[in-house]
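Enquirer: What follows is the residue order along each chain.
Number of protein chains: 2
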Amino acid sequence: MTHAGRERPAFTIDAFHRGDFWLVQPRDAGHRAGMDALMLAAAVPSGFRGHLADFGAGAGAAGLAVAARCPDATVTLVEQSAEMAGFARQTLAHEGNARLASRVSLLEADVTLTGKARAAVGLADDSCDFVIMNPPFNMASDRSTPDELRRRAHVMEDGLFETWLRSAAAVARPRAGLALIARPQSLPQILAALAGRFGSAEIIPIHPRADAAAIRIVLRARKGARGGLALRPPLILHEHGHKLSARADATSNGQASLFGD
Amino acid sequence: MTHAGRERPAFTIDAFHRGDFWLVQPRDAGHRAGMDALMLAAAVPSGFRGHLADFGAGAGAAGLAVAARCPDATVTLVEQSAEMAGFARQTLAHEGNARLASRVSLLEADVTLTGKARAAVGLADDSCDFVIMNPPFNMASDRSTPDELRRRAHVMEDGLFETWLRSAAAVARPRAGLALIARPQSLPQILAALAGRFGSAEIIPIHPRADAAAIRIVLRARKGARGGLALRPPLILHEHGHKLSARADATSNGQASLFGD
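Protein sequence lines, in the order shown, are assigned to chains A and B. Residue 86 in numbering that gives the first Met the number 0 sits at position 87 of the first sequence; the count goes up by one each step and never skips. Residue 187 in numbering that gives the first Met the number 0 sits at position 188 of the second sequence; the count goes up by one each step and never skips.
Please note that a few of the clues may not be correct.
Stated by the list, open to error - Examples of chain B residues toward chain A, derived with CB under 8 Å:
#, residue
1, P70
2, R165
3, Q184
4, A191
5, A194
6, G198
7, P204
8, H206
9, P233
Quick caveat, the hints were computed from the structure, so don't treat them as lab data. Yeah, the Cβ is synthetic: ideal placement off N, Cα and C, and Gly gets one too.
Given these sequences and hints, build the entire structure.
Expert: Here it is in structure tokens:
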């Protein structure tokens, strides 16, 4: 419970990648960026060159993390919520991101649009070399907060992965990369939606501790590729109690890519 | 390359679980039992009571491993190949298995049969409390040996998991357990075939070394359960070079169950 006074702004400005970029984001409401966005961004190879779309960008954490680590990447943040897009706009205007802002743009659009409607809002077919997505994957059955913004960011809709991956496949060029972060229980829906669109998928499970079940999966794939699914060694977030593991620290701070490339 | 003389039998008799049971199996041809069968058997809880079917039992390794570790289990080995069923028959007749043989039977049958044909060969609906399966999962595209028996045991057919899991769901009683071992690249087909039949699936990836991709997954689920998929911490086979890890050794020798129950 917070007790905000009149002088307390409704947003925070937080450093990521040890100060490499900054995020303007809601203080108490909406979807605050954290480990998920950073792990998603880390799935992009460090040598990536080309154009990347960040579906469900929120205030821009994942897209900016890619821009910060990959100097030859250009990024479009795609966010449907006007309120979160407003934070992304403030993020791009922040002086701490001046070095990156020329390579990052914002598109306020619904990634679930199809066909001409999708192209009309700016999501053109065959326009991206990589698509990353952090879909609103908390199940509707989870205990949820009454906060409407957070609810919209987290409620799983039927067919969510089908609609998001359909659009990702449309905007992706042949052989373009895809990365997503999700809960392990979404794997059946994800694999079904990848079929015929993206292949050679690789999964890195993320476990909070070495002896606990995975809380997230990061999946990477390539448009039109034919290879089978691979399960990579997991990432363990915490070793020796609460301390972040060296790999999790490096990965979430832009020092290393998640897949080692 | 072996140079078999006339006196050299075409089979071997091998101890498993450090002598708890024995397997009569082809020396050079067919599908020789190994780690896969033992890891599959280890997915059954140690306290399991009831009737278990071992689909694709070969010479009987997995089914006998369950019977050896679970004293209140009865087991039906289901094997289509007349030649492998012959080895299973010899296995059950072997004096080293006398303690177990009264609880284990052999059914020479094709698990992909449906409806009345399936029931007619002895695979009755609602008759099992657990089904385990080690399907012929090596892809047809793999480099294969000319040996016909091994080919039949290993070649993946279209719809293999769909047909095997359909039969597993039919013979399983409500809330019955399911365990299978497969390659990670079969996960899309497996998850699609589980849908509407088995739920609350849990996966343990098996990695040869901590830094290598998984070579197998062991998946466990429950008929009619509603829970989502969980990814458990992986099992690492080899630590410190070629040495079998303590957990892999205990699991493959009947000292511990794979899922810790």
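Enquirer: Checked against the structure, which of the hints given earlier come out wrong?
Expert: Going through the list in order, the structure violates hints 1, 2 and 6 and respects the others.
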